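*Asks:* The task is simple: from the sequences and hints, build the whole structure.
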Amino acid sequence: MVLWFAGVSVVFVWFVFRSPALDYRLVMLGSVLPVGEVVLGGPRLLHTLAFSVALLAVVMLATQQRRLVRRRWISLPIGVLMHLVLDGIWTQTAVF
0 MVLWFAGVSV VFVWFVFRSP ALDYRLVMLG SVLPVGEVVL GGPRLLHTLA FSVALLAVVM
60 LATQQRRLVR RRWISLPIGV LMHLVLDGIW TQTAVF
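Position 10 of the sequence shown, counting from 1, maps to 9 under numbering that gives the first Met the number 0, and the rest follow consecutively.
To be clear, the hints were calculated from the coordinates, so they are not data collected in a lab.
These figures come from a predicted structure and were not determined experimentally.
By construction, the Cβ of each residue, glycine as well, lies at the ideal position given by its N, Cα and C atoms.
Hints should not be assumed to be uniformly reliable.
[Stated by the list, open to error] Quick list of the computed label-pair ranges, beta carbon to beta carbon: (1) Arg69 / Gly40: 33 to 39 Å; (2) Arg24 / Ala49: 21 to 27 Å; (3) Trp13 / Arg69: 16 to 22 Å; (4) Trp13 / Val52: 21 to 27 Å; (5) Val15 / Arg65: 22 to 28 Å; (6) Gly41 / Arg66: 37 to 43 Å; (7) Thr92 / Gly40: 14 to 20 Å.
*Replies:* Shown next as structure tokens:
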């Protein structure tokens, strides 16, 4: 399961952006981050769109005027969003 999210998310992000400047390790980390909620018994906060948007806002606000740092850390919220796409979480409207 972890390899599904890590591998496919990197391939999809590479096909969309084709940027050597993105940190694909952070894309993989972001895509497997919500898998940790298995310990809690199912999808919760990390599987919500609100968390992904909040994480993106934090990265954007924390990296103002630092373009290279932003280019690296933007990969984390992209990975979390890729997890939502690959997991099909929009089918569970109570969580999404």
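*Asks:* Work down the list of hints and note, for each, if the structure agrees.
*Replies:* Do the hints match the structure? See the list:
1. Arg69 / Gly40: 33 to 39 Å: Check passed, 35 Å falls within 33 to 39 Å.
2. Arg24 / Ala49: 21 to 27 Å: holds, 25 Å
3. Trp13 / Arg69: 16 to 22 Å: holds, 19 Å
4. Trp13 / Val52: 21 to 27 Å: holds, 23 Å
5. Val15 / Arg65: 22 to 28 Å: For Val15 and Arg65 the Cβ distance comes to about 24 Å; the hint holds.
6. Gly41 / Arg66: 37 to 43 Å: 38 Å Cβ-Cβ, so the 37 to 43 Å window holds.
7. Thr92 / Gly40: 14 to 20 Å: Cβ of Thr92 to Cβ of Gly40: about 19 Å, so the range 14 to 20 Å holds.
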